[in-house]
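Go ahead and model the full structure; you've got the sequences and the hints to work with.
Residue numbers (our numbering), protein chains in the order written: chain A, 4 to 132; chain B, 4 to 132; chain C, 4 to 132; chain D, 4 to 132; chain E, 4 to 132; chain F, 4 to 132.
Honestly, I wouldn't trust all of these hints.
What the hints assert, rightly or not - Once the Cα atoms are required to be at most 30 Å apart in a straight line, the calculated DSSO-like pairs of lysine-lysine come out as:
(1) C:K26 / B:K129
(2) E:K120 / B:K18
(3) D:K13 / E:K13
(4) C:K32 / B:K129
(5) F:K120 / D:K28
(6) F:K26 / F:K11
(7) C:K11 / A:K13
(8) F:K32 / A:K124
(9) E:K32 / D:K13
(10) C:K28 / B:K124
(11) A:K32 / A:K18
(12) D:K129 / A:K32
Claimed, not checked - Listed next, with one range per pair, are the computed distances between beta-carbon atoms:
(13) C:K129 / F:T92: 52 to 60 Å
(14) F:R132 / D:L131: 55 to 63 Å
(15) F:K26 / B:G130: 49 to 57 Å
(16) F:Q94 / C:P36: 56 to 64 Å
(17) A:D17 / C:P36: 24 to 32 Å
Please keep in mind that the hints were generated in silico from the structure rather than gathered at the bench. None of the values given here were measured: they were computed from a predicted structure. Every residue, glycine too, gets a C-beta built ideally from N, C-alpha and C.
Here is what each chain is made of, one letter per residue.
Number of protein chains: 6
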Amino acid sequence: MTSNRYRKGKEILDKVNPEGIEKIKESLKDMAPDMERFIVEFPYGDIYSRPGLDLRTREIATVSALTALGNCAPQLRSHIHSALNAGCTRQEVVEVVLQMAVYAGFPAALNGMYAAKEVFKERDEKGLR
Amino acid sequence: MTSNRYRKGKEILDKVNPEGIEKIKESLKDMAPDMERFIVEFPYGDIYSRPGLDLRTREIATVSALTALGNCAPQLRSHIHSALNAGCTRQEVVEVVLQMAVYAGFPAALNGMYAAKEVFKERDEKGLR
Amino acid sequence: MTSNRYRKGKEILDKVNPEGIEKIKESLKDMAPDMERFIVEFPYGDIYSRPGLDLRTREIATVSALTALGNCAPQLRSHIHSALNAGCTRQEVVEVVLQMAVYAGFPAALNGMYAAKEVFKERDEKGLR
Amino acid sequence: MTSNRYRKGKEILDKVNPEGIEKIKESLKDMAPDMERFIVEFPYGDIYSRPGLDLRTREIATVSALTALGNCAPQLRSHIHSALNAGCTRQEVVEVVLQMAVYAGFPAALNGMYAAKEVFKERDEKGLR
Amino acid sequence: MTSNRYRKGKEILDKVNPEGIEKIKESLKDMAPDMERFIVEFPYGDIYSRPGLDLRTREIATVSALTALGNCAPQLRSHIHSALNAGCTRQEVVEVVLQMAVYAGFPAALNGMYAAKEVFKERDEKGLR
Amino acid sequence: MTSNRYRKGKEILDKVNPEGIEKIKESLKDMAPDMERFIVEFPYGDIYSRPGLDLRTREIATVSALTALGNCAPQLRSHIHSALNAGCTRQEVVEVVLQMAVYAGFPAALNGMYAAKEVFKERDEKGLR
Numbered sequence: 004m005t006s007n008r009y010r011k012g013k014e015i016l017d018k019v020n021p022e023g024i025e026k027i028k029e030s031l032k033d034m035a036p037d038m039e040r041f042i043v044e045f046p047y048g049d050i051y052s053r054p055g056l057d058l059r060t061r062e063i064a065t066v067s068a069l070t071a072l073g074n075c076a077p078q079l080r081s082h083i084h085s086a087l088n089a090g091c092t093r094q095e096v097v098e099v100v101l102q103m104a105v106y107a108g109f110p111a112a113l114n115g116m117y118a119a120k121e122v123f124k125e126r127d128e129k130g131l132r
Numbered sequence: 004m005t006s007n008r009y010r011k012g013k014e015i016l017d018k019v020n021p022e023g024i025e026k027i028k029e030s031l032k033d034m035a036p037d038m039e040r041f042i043v044e045f046p047y048g049d050i051y052s053r054p055g056l057d058l059r060t061r062e063i064a065t066v067s068a069l070t071a072l073g074n075c076a077p078q079l080r081s082h083i084h085s086a087l088n089a090g091c092t093r094q095e096v097v098e099v100v101l102q103m104a105v106y107a108g109f110p111a112a113l114n115g116m117y118a119a120k121e122v123f124k125e126r127d128e129k130g131l132r
Numbered sequence: 004m005t006s007n008r009y010r011k012g013k014e015i016l017d018k019v020n021p022e023g024i025e026k027i028k029e030s031l032k033d034m035a036p037d038m039e040r041f042i043v044e045f046p047y048g049d050i051y052s053r054p055g056l057d058l059r060t061r062e063i064a065t066v067s068a069l070t071a072l073g074n075c076a077p078q079l080r081s082h083i084h085s086a087l088n089a090g091c092t093r094q095e096v097v098e099v100v101l102q103m104a105v106y107a108g109f110p111a112a113l114n115g116m117y118a119a120k121e122v123f124k125e126r127d128e129k130g131l132r
Numbered sequence: 004m005t006s007n008r009y010r011k012g013k014e015i016l017d018k019v020n021p022e023g024i025e026k027i028k029e030s031l032k033d034m035a036p037d038m039e040r041f042i043v044e045f046p047y048g049d050i051y052s053r054p055g056l057d058l059r060t061r062e063i064a065t066v067s068a069l070t071a072l073g074n075c076a077p078q079l080r081s082h083i084h085s086a087l088n089a090g091c092t093r094q095e096v097v098e099v100v101l102q103m104a105v106y107a108g109f110p111a112a113l114n115g116m117y118a119a120k121e122v123f124k125e126r127d128e129k130g131l132r
Numbered sequence: 004m005t006s007n008r009y010r011k012g013k014e015i016l017d018k019v020n021p022e023g024i025e026k027i028k029e030s031l032k033d034m035a036p037d038m039e040r041f042i043v044e045f046p047y048g049d050i051y052s053r054p055g056l057d058l059r060t061r062e063i064a065t066v067s068a069l070t071a072l073g074n075c076a077p078q079l080r081s082h083i084h085s086a087l088n089a090g091c092t093r094q095e096v097v098e099v100v101l102q103m104a105v106y107a108g109f110p111a112a113l114n115g116m117y118a119a120k121e122v123f124k125e126r127d128e129k130g131l132r
Numbered sequence: 004m005t006s007n008r009y010r011k012g013k014e015i016l017d018k019v020n021p022e023g024i025e026k027i028k029e030s031l032k033d034m035a036p037d038m039e040r041f042i043v044e045f046p047y048g049d050i051y052s053r054p055g056l057d058l059r060t061r062e063i064a065t066v067s068a069l070t071a072l073g074n075c076a077p078q079l080r081s082h083i084h085s086a087l088n089a090g091c092t093r094q095e096v097v098e099v100v101l102q103m104a105v106y107a108g109f110p111a112a113l114n115g116m117y118a119a120k121e122v123f124k125e126r127d128e129k130g131l132r
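And the structure:
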């Protein structure tokens, strides 16, 4: 049975990062089958679906936080994809990551920049903007 | 002698948080007089003054990062003021802070919310929006 | 309308920390009324209510994490209360906090110990074990 | 000369993770020969050998902390092995890691889950439970 | 019975921060009497007493780390005292803290500067350099 | 046009790590061409060039911070090179990294040690001390 929260979350994920969540689902289906559901339901169904902040701004907030925290490179790359899919330009992503040098230091910002570089290259190969 | 970078940075700070930087200047003038200058010049003169991201979005990025890092309550409060002065609504600040529950956990988001509450109260008393 | 998830979460909170969640509700009712609901529903309704790990062990896991992260003293104190209410002894809390010296350093463990000391004193005054 | 603390620590490591400490010893013997000794003596000889908390609970506390800190994947994998060797079930490890989504965010919990997945696969190949 | 490690550690603490450790001992004597012993024995008896790095440099390393981590203000203040007692000048402490803006961001460096300011004031009152 | 700050910063980088900054420049020239300039100008031109702390001590402070933060392995390796180029001995680097076990925990110190090991090996191959 699919909850309403799951449906609302999936709708957003289908816009910004349909592949990312499928990989998580596939990867964890045997050992933690509920985790994919929780990710769709709480972050996306409960939070991202709220009014008061558009998707593009939400992804900018997330890219900022993950660059600053600096301990979750795969998720940062995934959210840089989401940010671009939600309408951010590449230059905006670069600006947000660069700004993190001020709040989390240059090493965190540099590693964020390398994450963005990988994402941009991957998207170039797929012809995505 | 005032550098061009200082002037550009001061111009932005005058818009978003003129009191904050004065407090830092006053507080550190004897022991680290250059620190206030560095803060005006690098974060504001070099980074916030760049084109490609408007001030409001820059402050949203900073509020996200400081809430997620969770170890700098005074600076978070200061940037919530800046975000509101740069045109964010209170509801947008609340949304950004709430979203951090997903990326840095509920305690970090709760402490961010308490920081926002203090700032809102202070602004109510001063008749600021 | 109260969701099933809320009811399940509230039931657990009533056992381990009924006052903590009331304070959060009261404190955030004007600015972020949904946050208390999210805390009851996701952490408690979805996670703590799962089979496979008893409440006492869940609270030990949380006290460990919050001591190690070291940036959320109020929530650490709250979960030390919860741990004791869930059946941990004071000595077990002390052991868990001390062990964090190994994984997050002595300062984090010391600050965890001071949090525990405050909680123990408060409970002595209330005649709680 | 082997200290009493070293002997007590080694005894515990022989139960939960004899290979891990051998790798550290071999790897650091030339550049920091004392480090292996310090690891056996302080974390294991002084802390894990204390009464008041059983080994299984100690490893749950450590897995919680390392998942939440999120910056030490090799040591997290090593302690997931230790937790299973100390009597935790795989499902208990999964529950502890999942719970960290609440306190350190979903990215930290996801990376903890991937660490657990690697460990489970390695143990499947060796016929370990 | 006092171990040799305790004696070696206490000797160093008597030079750099005799009051700090007495406060910890007094504060934790009832709930975690072994913690003070562990602090004297491992950090000071085992680590600070090693040849290869003088005390002054060790305290600079510690002030750097605690400023960068940013979640342990009381211990940072304590180690700024130790650094000055070990022969660092106030200006050296200021330089180290300022440099952390590069590696952990401006908020962490600012909070480190405020910690130094408090320590300097306290020492002025006591006539310490 | 090259600023005076850039020239001062480049002079220091030429002493401690000329290759590191060239790699960053090359890597980011298309997506964030200003970042290399900011790194030369602020950390090196503004901070490292200040009197009051010699280069060797500055690099010890940086190695301490990056080991403790534990989320930027490439930058830590780069600064271990810089520390050795600025006159630190290998043994001093090992001592600083080991000491971080006290302040950031054993996993952070272990990962710092592995970073140092890689750097030492690379330098052995190049005949560097």
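Among the hints numbered above, which are violated by the structure, and what are their numbers in rising order?
-> 14
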